[in-house]
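Chemist: In case you want the letters, here they are:
Protein chains: 2
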Amino acid sequence: MNRLYHVALSPFCRKVRLTLAEKRIEVELVEEKYWDPSPDFLRRNPAGKVPILKIDNRFLPESQAICEYIDEIHPTPALMPRDREARYEVRRLCAWFDDKFNAEVTRKVMGERVWKKIMKKGYPDSKTIKEGLSAIKYHLDYMGWLLDQRRWLAGDQMTLADFAAAAHLSCLDYISDVDWNRQAAVKDWYAKIKSRPAFRSLLQDQLPGLPPAPQYAELDF
Amino acid sequence: MNRLYHVALSPFCRKVRLTLAEKRIEVELVEEKYWDPSPDFLRRNPAGKVPILKIDNRFLPESQAICEYIDEIHPTPALMPRDREARYEVRRLCAWFDDKFNAEVTRKVMGERVWKKIMKKGYPDSKTIKEGLSAIKYHLDYMGWLLDQRRWLAGDQMTLADFAAAAHLSCLDYISDVDWNRQAAVKDWYAKIKSRPAFRSLLQDQLPGLPPAPQYAELDF
Numbered sequence: 001m002n003r004l005y006h007v008a009l010s011p012f013c014r015k016v017r018l019t020l021a022e023k024r025i026e027v028e029l030v031e032e033k034y035w036d037p038s039p040d041f042l043r044r045n046p047a048g049k050v051p052i053l054k055i056d057n058r059f060l061p062e063s064q065a066i067c068e069y070i071d072e073i074h075p076t077p078a079l080m081p082r083d084r085e086a087r088y089e090v091r092r093l094c095a096w097f098d099d100k101f102n103a104e105v106t107r108k109v110m111g112e113r114v115w116k117k118i119m120k121k122g123y124p125d126s127k128t129i130k131e132g133l134s135a136i137k138y139h140l141d142y143m144g145w146l147l148d149q150r151r152w153l154a155g156d157q158m159t160l161a162d163f164a165a166a167a168h169l170s171c172l173d174y175i176s177d178v179d180w181n182r183q184a185a186v187k188d189w190y191a192k193i194k195s196r197p198a199f200r201s202l203l204q205d206q207l208p209g210l211p212p213a214p215q216y217a218e219l220d221f
Numbered sequence: 001m002n003r004l005y006h007v008a009l010s011p012f013c014r015k016v017r018l019t020l021a022e023k024r025i026e027v028e029l030v031e032e033k034y035w036d037p038s039p040d041f042l043r044r045n046p047a048g049k050v051p052i053l054k055i056d057n058r059f060l061p062e063s064q065a066i067c068e069y070i071d072e073i074h075p076t077p078a079l080m081p082r083d084r085e086a087r088y089e090v091r092r093l094c095a096w097f098d099d100k101f102n103a104e105v106t107r108k109v110m111g112e113r114v115w116k117k118i119m120k121k122g123y124p125d126s127k128t129i130k131e132g133l134s135a136i137k138y139h140l141d142y143m144g145w146l147l148d149q150r151r152w153l154a155g156d157q158m159t160l161a162d163f164a165a166a167a168h169l170s171c172l173d174y175i176s177d178v179d180w181n182r183q184a185a186v187k188d189w190y191a192k193i194k195s196r197p198a199f200r201s202l203l204q205d206q207l208p209g210l211p212p213a214p215q216y217a218e219l220d221f
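Chains as they are written, first to last, in the UniProt record's numbering: chain A, 1 to 221; chain B, 1 to 221.
Among the clues, some could well be false.
In the DSSO-like style, the derived pairs of lysine-lysine whose C-alpha atoms are separated by at most 30 Å in a straight line are [stated by the list, open to error]: (1) A:LYS120 x B:LYS130; (2) B:LYS120 x A:LYS127; (3) A:LYS54 x B:LYS100; (4) A:LYS127 x B:LYS187; (5) A:LYS116 x B:LYS54; (6) B:LYS187 x B:LYS127; (7) B:LYS100 x B:LYS121; (8) A:LYS100 x A:LYS33; (9) A:LYS100 x B:LYS187; (10) B:LYS54 x A:LYS130; (11) B:LYS116 x A:LYS117; (12) A:LYS117 x B:LYS127; (13) A:LYS100 x B:LYS137; (14) B:LYS100 x A:LYS121; (15) B:LYS130 x A:LYS33; (16) B:LYS127 x A:LYS33; (17) B:LYS127 x A:LYS137; (18) A:LYS23 x B:LYS100; (19) A:LYS130 x B:LYS116; (20) B:LYS33 x B:LYS120; (21) A:LYS130 x A:LYS100; (22) B:LYS33 x B:LYS116; (23) A:LYS187 x A:LYS127; (24) B:LYS120 x A:LYS100; (25) B:LYS54 x A:LYS100; (26) A:LYS100 x B:LYS192; (27) A:LYS121 x A:LYS137; (28) B:LYS33 x A:LYS127; (29) B:LYS54 x A:LYS137.
Keep in mind that the hints were calculated from the coordinates and are not lab data.
Using the sequences and the hints given, assemble the complete structure.
Modeler: Shown next, in the form of structure tokens:
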């Protein structure tokens, strides 16, 4: 059976989970505490990160490479457009969320509020959290601007870019750090994506000692 | 005319320059001091980063998305393999160098030794440099292990993965921070890639006040 080594509130793992679920590829989820790695884990992935997809007895790391690979071996439903300009746009936006949004928002807010607690690495730093919560406003506005012109983030079809963005926002939503009233277009977009069957497994995640915010699993939020 | 907004010793800009040159796509290079951005620059790229490729009157940011786009619109010579497993491997290795190598080596060594000086942001921190110079050994050994089994990093043909790796190593070589005698296979690989016509423009780079190390432009190093 295929396996995904992951942690519940990692946006990179979530992007892969959404991609697999949208394609109806079944995987067994294996929680992997990568901050306390077993020798076995490092043998599977010398980079020491999650996600790792075990498929056809190979171990594949790197979320973006995994998602594009899955899309190439299971092309339906397509998560990469056929048009070359549109493919560029999907890749640009995936990098936007996985690099820029991650550095400016996710790592600051989730890093301080969630990961320090789970990894037992001290107390949250309120200055860093504040910086993250200030930066998210700009990102929501940018998404709102895109979604005023397009049905989905990268164009008129749902793509990997939507999964990359939703993966980050859903982690922040778990701890209630997304102001859904800031941009109506973003809220509508998230409601659409959240109600997909592929999203269900994410909405069932529970971290021990850190229950999700009340609206987290609600389709009407 | 096509333009590339770049800075000379950025590995991300170099990956794009190598890709463009290998495909014989002419571009005008425009130096862009992104740490002191003009309003014009931020209009071209809200992420405030380099490289940005101006092509057909569009402004394209994000190095990996740019390179894959160039490879799709100018497929010859191919820098992405046709085989899906091989494409995965190229993308995995690009992420290895642009994320992991960058965080563990380039940002530490170049950040302290070069960028602090150029951006006038204080004095180099020797502890950080030491960490970077210690981490590079592991990366050279990993490359050596790959190249003992393959002609190029991702397989038997030269790909974007080789350009990603060479882009980082060439920046470090400018300040003489690569021990080419550590892994014979890596030295042979770098000699092959350094002697390509696509590499020439990189070897002519000169930072004001920071001349390159003597071996930097030598094909016999």
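Chemist: Which numbered hints does this structure break?
Modeler: When the structure is compared with the hints, numbers 4, 5, 9, 10, 11, 17 and 26 turn out to be violated.
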